[in-house]
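Peer 1: Sequence:
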Amino acid sequence: MKNFFLILGSSILLLASDAAARTDYRMQQQKVSNWVADTNSYASLRLSAVLSAGNGVKVTYTPAGTVLVTQAALNAHVIWYDKDHPTNEQTIPMQKNGQQWEFMLTAPPQAVMLRITPTAGGSEKLKEIVDDNNGDGYLFPVYAAGKPLPFAYYSMSLLMAGRAGLKKDPARELIYLKKEIAVNPAAETLFRSSYFNMLANSPEPDDKVLLLRKLLAWKTSNEDELTLNQRYFQFLGERHAADSLATLLRKRFPNGIFVREEQLEQVKAEKDFVQKNRKFDAFMKQFPEPVAKGAPDYEYTGLYQAMGSAAIENGASPEPYIAKLQGNRDRVVFFAKTARYYQQRQQPEPAMTWARRGVQATDTTASFGEWDAYLTLASLYLAQQQYAAGIPFAATAYAHTKSKEAALLYVNLLVADGKSAAAQALLAYAVKTGKASVQMKAQLKKIYEKAGSAVPYDQYLSSLLPPPDTNLRREWRANMLHETVTGISLKDTSGKTVQLADFKGKIVVLDFWATWCKPCIQSFPAMQQVMQQHPEVVFLFIATFETGDALKKVKQFSREKMFPFRYLLDEPLKGESNYKAFTHFRVPSVPYKVVLDKSGVIRFRSGGFEGNDDALITELNTMLRLLEE
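When the letters of the sequence shown are read in order and numbered with this note's numbering, they come out as residues 1 to 629.
Calculated from the structure, these hints are not laboratory results.
The beta carbon of each residue, even a glycine, is placed where N, CA and C say it ideally should be.
Where hints are given, some of them may not hold.
Said to hold, decoys possible - Quick list of the computed label-pair ranges, beta carbon to beta carbon:
1. 282 with 313: 51 to 57 Å
2. 217 with 282: 24 to 30 Å
3. 451 with 274: 49 to 55 Å
4. 533 with 205: 37 to 43 Å
5. 455 with 97: 47 to 53 Å
6. 466 with 97: 31 to 37 Å
7. 164 with 56: 22 to 28 Å
Stated by the list, open to error - With a straight-line cut-off of 25 Å between C-alpha atoms, the simulated SDA-like cross-links for lysine to any residue are:
8. 402 with 418
9. 580 with 550
10. 285 with 309
11. 553 with 538
12. 496 with 573
Make the full structure from the sequences, and use the hints.
Peer 2: Here it is as structure tokens:
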């Protein structure tokens with residue numbers, strides 16, 4: 001069966017039961033509900049009347065308490081939306097009137113929602129400063145005949161999913177969609193999947209009850225809908241309903257989606273290669289791959305790649321499975337993965353063969369190409385001390401991806417080949433543009449000091465760094481939370497029970513991660529640097545949603561990566577597809593950080609990692625210094 005997380009979206013779902021979490025969530029819902037009751041007013045920005053097409057309204061902005069309070073000239077960046085896209089954008093100068101700023105607006109035809117962003121600066125000499133209402137945005141529905149237009153609140157809900165630079169806010173996202181359904185009942189059918197996902201994602205028990213009630217009342221004979229309902233029931237721990245639907249699906253649709261995915265998982269899970277092949281052949285006979293309408297089916301692609309890898313591991317030929325891969329990118333992924341398989345086993349010859357095959361198959365004209373084969377081949381040349389041979393492949397990968405992995409590999413090859421000046425120039429550019437990792441800065445320091453200079457390295461580095469964001473501290477102070485949370489205990493990798501309450505009197509950073517989460521691991525060098533800068537702070541790295549033997553995987557990761565971290569293991573909740581700490585701290589996805597003050601109160605939350613080590617280090621340092629004041 002498909003992984004339920006993938007069906008519901010790229011983020012892991014949250015289903016919380018902690019009383020404090022529910023209280024905080026209800027407070028947020030009430031906050032949004034209060035605003036919804038007055039849909040033309042925020043604390044800092046208000047309209048003279050509700051918006052309606054063709055009618056002008058006066059907008060009044062009061063910058064006191066915002067990042068724009070000291071600015072001498074202000075503009076309003078105005079975006080009008082239809083159901084799910086911006087349709088019109090304009091920048092309007094504001095006029096000062098005492099302590100307030102004003103301008104006029106008229107809603108254009110077709111617009112259902114308005115977003116206003118007060119700004120200052122934005123010239124070549126002055127960086128633009130933006131007031132986005134602490135990441136919530138200033139959003140307004142457009143009305144007609146005294147009612148919000150259809151899809152006005154839906155459009156607002158979409159932005160609360162973390163789009164267009166706004167922060168992800170599940171409580172606001174759900175309440176806007178509920179409001180849409182209340183004024184436009186047809187929206188429930190149109191957006192049922194999103195709506196049900198949000199209800200499942202909510203820590204509010206009433207939302208879970210509402211979802212179950214809707215699932216039980218949903219009368220359908222449609223296979224897709226029955227299959228989705230079965231997964232919801234299973235995820236929510238309603239085993240009887242889930243099992244009943246599973247039996248029904250097997251009986252009514254013996255060649256349907258549910259049975260296909262059950263058997264697909266059985267093929268993947270089989271360890272014996274002979275049996276695995278038999279199950280694969282039987283599966284393909286019963287469920288041949290559908291004719292691709294665009295991109296190849298990702299489930300079949302994954303199956304072919306898994307079968308090819310299993311063949312290699314068992315000394316068989318992977319070619320029959322490679323032949324089934326329809327996408328060029330998918331073949332390159334398999335070739336590079338196989339090259340790394342042999343590289344890890346200290347078998348350079350087959351590793352080089354597979355890497356070269358991947359390079360030959362790489363489409364160098366694709367806008368979003370797959371460059372793993374180039375990177376793997378370059379790393380093999382580096383390991384074999386054939387530096388000049390590896391440089392072109394690393395250079396090509398870096399030119400196309402600008403990734404830190406490619407940059408560091410390229411730099412290491414350049415240095416090893418005696419081209420330190422070129423390496424330093426590349427690293428200096430990365431620092432200037434804010435794209436240098438911790439490892440890249442360490443390499444830059446090594447190159448710079450080896451070359452010799454009268455200017456100390458720290459002074460040289462400071463000259464490269466972009467100017468600090470003076471508004472960051474103010475923004476994080478404005479965004480400080482005050483979420484109470486009850487105690488919780490988890491075990492570390494040695495089996496010792498760790499009580500969060502034992503750290504009262506200290507600031508605690510909880511980093512939720514997983515061994516399968518690439519962005520999580522990419523953020524660890526930056527996290528290590530922050531740890532070293534703040535020895536007085538407790539850092540706990542909670543491995544959650546691990547598959548298989550979690551303890552074994554985390555221990556192996558710890559041995560291989562050698563980060564000086566204290567790892568805790570999240571615990572599966574009995575009867576639910578969820579985890580103890582993940583639920584307790586209302587974590588929406590990984591990577592995710594929760595920062596608690598010395599009283600054990602949650603003061604900051606931060607999700608995701610976009611690859612910018614400097615940004616993460618600055619963000620966490622700002623949070624910790626605010627709490628240490």
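Peer 1: Confirm or reject each hint.
Peer 2: Each hint tested on the structure:
no.: 1; hint: 282 with 313: 51 to 57 Å; verdict: violated, 21 Å
no.: 2; hint: 217 with 282: 24 to 30 Å; verdict: violated, 38 Å
no.: 3; hint: 451 with 274: 49 to 55 Å; verdict: violated, 60 Å
no.: 4; hint: 533 with 205: 37 to 43 Å; verdict: holds, 41 Å
no.: 5; hint: 455 with 97: 47 to 53 Å; verdict: holds, 51 Å
no.: 6; hint: 466 with 97: 31 to 37 Å; verdict: holds, 36 Å
no.: 7; hint: 164 with 56: 22 to 28 Å; verdict: holds, 25 Å
no.: 8; hint: 402 with 418; verdict: holds, 22 Å
no.: 9; hint: 580 with 550; verdict: holds, 14 Å
no.: 10; hint: 285 with 309; verdict: holds, 21 Å
no.: 11; hint: 553 with 538; verdict: holds, 23 Å
no.: 12; hint: 496 with 573; verdict: holds, 19 Å
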